[in-house]
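Chains as they are written, first to last, in this note's numbering: chain C, 1 to 226; chain L, 227 to 452.
Rather than coming from a laboratory, the hints here were simulated on the basis of the structure. Small disclaimer: the values here were computed from a predicted structure and weren't measured. It is possible that part of the hints are untrue.
Calculated cross-link-like contacts (lysine to any residue; reagent style SDA-like; alpha-carbon spacing at most 25 angstroms) [to be verified]:
1) L:K400 with C:P69
2) L:K244 with C:K216
3) L:K409 with C:S79
4) C:K216 with L:A356
5) L:K245 with C:L38
6) L:K400 with C:A170
7) L:K409 with C:P69
8) L:K244 with C:E141
9) L:K244 with C:K174
10) C:K174 with L:H327
Some chain L residues close to chain C (C-beta under 10 angstroms, calculated; not the full set) [said to hold, decoys possible]:
11) S305
12) L348
13) V394
The beta carbon of each residue, even a glycine, is placed where N, CA and C say it ideally should be.
There are 2 protein chains.
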Amino acid sequence: MITGTSYLGTEKTTFGHKKDRGSYEQELIHEIIDSSLLAHLSFQTGGEPFVIPMTFVRVGSKLYFHGSPKSRIAEVLRSGGPVCAAFTLLDGLVLARSAMHHSMNYRSVLVFGATQEVTDELEKRMSLQALVEHVIPGRSEDIRETTDAEIAATFVASLTIEEASAKVRAGGPKDAPSDRELKSWAGVVPLQLQAGCPIQDNPGKHGTPLPSYIEKYKLSPARRET
Amino acid sequence: MITGTSYLGTEKTTFGHKKDRGSYEQELIHEIIDSSLLAHLSFQTGGEPFVIPMTFVRVGSKLYFHGSPKSRIAEVLRSGGPVCAAFTLLDGLVLARSAMHHSMNYRSVLVFGATQEVTDELEKRMSLQALVEHVIPGRSEDIRETTDAEIAATFVASLTIEEASAKVRAGGPKDAPSDRELKSWAGVVPLQLQAGCPIQDNPGKHGTPLPSYIEKYKLSPARRET
């Protein structure tokens with residue numbers, strides 16, 4: 001169901017298989033991206049495919065990635081060649097009555113485009129603060145300000161979301177009618193990324209109490225409830 | 227520390243940045259792969275990068291991927307072009323006293339190579355059963371046998387692990403010495419994929435009790451404890 005703005009379908013984002021799971025809806029695409037902690041960024045280097053997990057943040061219609069200016073990834077992202085970024089949330093294991101109908105519940109997004117280096121100092125600073133807030137909301141007010149030298153020593157690339165699609169599988173197994181009467185247990189084992197007990201660094205020396213924004217940090221299927 | 231067999235470092239698997247996090251150790255590489263539920267498979271299509279999350283299983287030195295013979299991915303994997311598969315386990319958020327030293331704890335593997343279609347019926351059957359067992363050990367004995375027609379209707383590709391490397395970050399934040407006295411809370415928020423309460427499909431009709439292999443299915447940082 002399309003309720004709002006959609007991204008345009010293109011040759012690359014056309015769903016070949018299981019079309020009913022696909023969507024170009026902007027709201028859904030942004031929600032899946034924002035619920036992810038990592039992107040898998042795929043690109044070409046020396047004419048061959050390469051994929052790397054990266055932290056990122058979305059601000060409006062832009063994705064920001066950062067790294068050391070000396071890293072291989074900075075070199076690639078600076079070149080502005082085509083990239084494909086995948087965002088994948090694994091929501092559950094789907095257990096059917098036959099091996100063939102076993103599946104997984106997931107929400108995923110692919111974004112296609114070309115990255116470009118962010119050179120504007122204010123935009124770099126904003127994106128780095130947004131990145132910290134994306135990973136753990138409330139954190140940026142609890143740490144010292146980033147210095148100009150640190151901003152200068154950081155490589156930031158942006159990728160504008162224009163060509164993007166989402167794919168979602170939810171619900172129980174879809175067994176063949178002839179298998180429905182079999183006695184195998186069938187259903188869904190939900191999966192979610194969850195936060196464990198925080199481990200303080202060097203607590204004897206400082207003993208800073210656990211801030212409430214960390215205490216309430218919870219990862220749910222929608223990643224966090226704040 | 228290298229304790230056993232290692233994969234050979236090549237141009238593609240040489241660590242450019244943060245070399246101390248890298249390893250070619252076979253045992254570590256296999257452990258990370260086996261602890262993953264999804265691979266992000268990167269390849270080229272129409273000369274541009276593409277990445278797709280896929281279920282998989284490792285059997286010895288081979289990775290197996292499967293899909294519908296009509297899917298776009300089957301077409302690509304059949305072609306035998308170069309691929310790069312990423313396996314990523316997110317273990318925690320690392321909170322430092324400055325934005326720049328924030329990080330994540332993770333275990334990741336990259337495998338480079340070329341896929342080939344599996345046509346041998348026995349190998350296809352073995353790989354599909356291994357896939358079910360990889361995702362949820364004990365499951366394959368609880369479901370009906372896969373028919374020859376189902377095997378024939380499934381596309382399976384293999385990728386031999388020859389060129390591979392692992393990268394691991396563990397432990398607390400690495401702040402600059404001058405930041406160590408700051409009062410910000412610093413440390414690690416551990417993350418793990420966890421299984422929730424299983425939801426039975428159509429329970430009124432059958433009411434099959436929850437099998438023990440599902441009951442004990444737990445996902446820990448090492449994915450599962452059985």
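Consistency of the hints with the structure:
1. L:K400 with C:P69: Distance of about 19 angstroms is within 25 angstroms: holds.
2. L:K244 with C:K216: Status violated; Cα separation ~32 angstroms.
3. L:K409 with C:S79: violated (40 angstroms)
4. C:K216 with L:A356: Violated. C:K216 to L:A356 sits at ~39 angstroms, over the 25 angstroms cutoff.
5. L:K245 with C:L38: holds (21 angstroms)
6. L:K400 with C:A170: violated (40 angstroms)
7. L:K409 with C:P69: Judged against 25 angstroms, a Cα distance of about 29 angstroms means the pair is violated.
8. L:K244 with C:E141: Violated, because 29 angstroms separates the two Cα atoms, which is more than 25 angstroms.
9. L:K244 with C:K174: violated (46 angstroms)
10. C:K174 with L:H327: violated (46 angstroms)
11. S305: Where the cut-off is 10 angstroms and the nearest Cβ of chain C is about 13 angstroms from L:S305, the hint is violated.
12. L348: violated (15 angstroms)
13. V394: Given a least distance of 12 angstroms, the restraint on L:V394 is violated.
Going through the hint list in order, the structure does not satisfy hints 2, 3, 4, 6, 7, 8, 9, 10, 11, 12 and 13.
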